[in-house]
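Going down the list, the protein sequences come from chains A and B. Count along the first sequence starting at 1, add 346, and that's the number in our numbering. Count along the second sequence starting at 1, add 1, and that's the number in our numbering.
Derived from the structure by calculation, the hints contain no laboratory data. Don't be surprised by glycine CBs; every beta carbon is placed ideally from N, CA and C. Check before you lean on any hint, since a few could be wrong.
[Said to hold, decoys possible] Residues of chain B clear of chain A, computed beta-carbon distances all greater than 12 angstroms:
(1) Val63
(2) Gly72
(3) Arg140
(4) Leu171
(5) Asp218
(6) Val246
(7) Tyr252
[Said to hold, decoys possible] In silico DSS-like links for lysine-lysine, alpha-carbon gap of 27 angstroms or less:
(8) B:Lys153 / A:Lys439
(9) B:Lys200 / B:Lys153
(10) A:Lys506 / A:Lys439
(11) B:Lys200 / A:Lys540
(12) A:Lys540 / B:Lys219
(13) A:Lys391 / A:Lys506
(14) A:Lys506 / A:Lys540
(15) B:Lys153 / A:Lys540
(16) A:Lys506 / B:Lys200
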Amino acid sequence: MRKSFVTLTAALVAALALPSLAAAQANAESVVVPQVDRRDIKLPKFPSNDFEVGLFGGMYSAQNFGSSVAGGLRATYHITEDFFVEGSAGRTKVSDEAFRRILPGGIFTDNQETLIYSNFNVGMNVLPGEVFLWRDIAMPSQVFIVAGGGTTRFNGQRMKTIDFGVGVKLYVFDWLAVRVDMRDNIYTLDLLGKRDSTHNIELNAGLSFLF
Amino acid sequence: MRLRHRLAAGLAGLTVLLPLSARADEPAIPAVPPTAEPSTPPVANMAPSDQPGKPLARVRVVGPYLDMRSGPGRGYPIFYAAEREEWVVIELRHTDWFKVRTARGAAGWVSREQMRQTVTEDGVPFELADPTLQNFLNRRFDVGVGYGATAKTSFTRGWVGWRFSDTLSLDINGADVQGQSYTTTIWTASFLTEPWSDKRFSPFFGVGMGHYHYVPDKNRINRHVVDGNLGVFTLGARYYLASRVALRVDYSRYAAFVSDTNYRNFQAGTIGLSLHF
């Protein structure tokens, strides 16, 4: 009885030890450890130019008050080849000179009032093309439309403004574009005794730097 | 520094704008059709002339050909096709378009889809990790503008956000309310929490404090300017659109403290776009 118990225990221990023995044997056999050099993959690096900042100058025609010289700044981000978003801010001086000819007091406290406008637009590129100059020079061009809204500060008031327009851009270099824009800035004004919706056309030309 | 140089160069270049056009110094399209070339590129000829010393971002064409267009868009004409096994240098990216230059000097724009038929110098397929959904999910900052409306009037609003943890962010807002006879400027700072910030559609909730500045128009009889503080809570959501752009829609309820014992509630909804970085 005692002998059979010892035999059974020995068999059980041997059975339990078998896997570890097998593992030890496998470790002993794997004498060749593969030496794989880790390969550093270098992804190509290059610049991009999805952002654009620029200056512009031109004419701003304030309804009932004539046209005046305007200038400002603009920043653009190109989302896709079709769409972009753009913020711009401009400034001009509006005169009531025409009213003063028949109304000695004029409309404004001073002869001129500063008009500051800022807006945010969504734009869409609609007509890509090329402009050819002489024989070997061709520059990509783009006609685009924009629409958006913003604020106009004029004569101590701030008016909600809706604007839309069209423009054309000529890429002189990859980092420089010349552009011409036309906008209609629509806002409500009550300077002349009645609350009227006014259309204020803006035409400007500018330089844009892409980076 | 580099931008300043470019600005200066740009202004100086205005006087000689046309003769110095970008296309002028690029070689014309080769008259002789390209022949089979060895896969090792003539490196010296491929360095971009304006970036000496910079490592070249070269890829090899493994597809049948690589269409090159005159501008970064599908509407521009194809004027050249780089052939299989030809090496090209990537000089620039504009949205989903890449300006490449061949060993023969032809430079043109290639779409992202076509660039997938190229491999890098290490032999791995070209894939660009650039503004994508992943960048939106890992964003740290966002800046945006929107259009809002209350029960009586509308306003324009801008915001800057700093996401300092996965689900928490600081949101600074400025709104310009243009009423018929007044203007109110509102500034608020809020903490936003976004429980599902790892999703393309990410709802958020926020509370904050702010300041308002009420200015009646010049033609009002009572021209009393009012300044005060306000509290705000916001409920909204972001939805990733494309590239770096996300749509943001939110509803805010404000409590403006008009005196020590009195306050007024008003509510507003806003829709806008934000860029993330």
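*Within a Cα-Cα threshold of 27 angstroms, do Lys506 of chain A and Lys540 of chain A meet the stated pairing?*
Within the cut-off at roughly 17 angstroms; holds.
- Was Gly72 of chain B rightly flagged as not at the interface, with every chain A Cβ beyond 12 angstroms? violated, 3 angstroms
**Asked** Any Cβ of chain A at or closer than 12 angstroms to Val246 of chain B, or is the non-interface label fine?
**Response** The assertion about Val246 of chain B is violated, with a minimum of 5 angstroms to chain A.
| Non-interface claim for Leu171 of chain B: all C-beta distances to chain A beyond 12 angstroms? | holds, 22 angstroms
Could you grab the alpha-carbon distance between Lys153 of chain B and Lys439 of chain A and see if it respects the 27 angstroms cut-off?
Judged against 27 angstroms, a Cα distance of about 31 angstroms means the pair is violated.
### Query
Holds or violated: Lys506 of chain A with Lys439 of chain A, Cα cutoff 27 angstroms?
holds, 19 angstroms
**Asp218 of chain B and chain A, when compared Cβ to Cβ, separated by more than 12 angstroms** = violated, 5 angstroms
| message | Hinted pair, alpha-carbon criterion (27 angstroms max): Lys200 of chain B, Lys540 of chain A. Please report holds or violated. | response | Violated: Lys200 of chain B and Lys540 of chain A sit about 51 angstroms apart, past 27 angstroms.
Worksheet item: If you draw a straight line from the CA of Lys391 of chain A to the CA of Lys506 of chain A, is it 27 angstroms or shorter?
Response: With a Cα-Cα distance of about 44 angstroms, the restraint between Lys391 of chain A and Lys506 of chain A is violated, given a limit of 27 angstroms.
*Are the Cα positions of Lys506 of chain A and Lys200 of chain B separated by 27 angstroms at most?*
Distance ~35 angstroms between Lys506 of chain A and Lys200 of chain B Cα, so the pair is violated.
Does Arg140 of chain B clear chain A by more than 12 angstroms, comparing its Cβ with all Cβ atoms of that chain? holds, 15 angstroms
Notebook entry, point to check: Going straight from one Cα to the other, do Lys153 of chain B and Lys540 of chain A come out at no more than 27 angstroms?
Noted result: holds, 21 angstroms
Of the numbered hints stated above, those contradicted by the structure are hints 2, 5, 6, 8, 9, 11, 13, 16, listed in ascending order.
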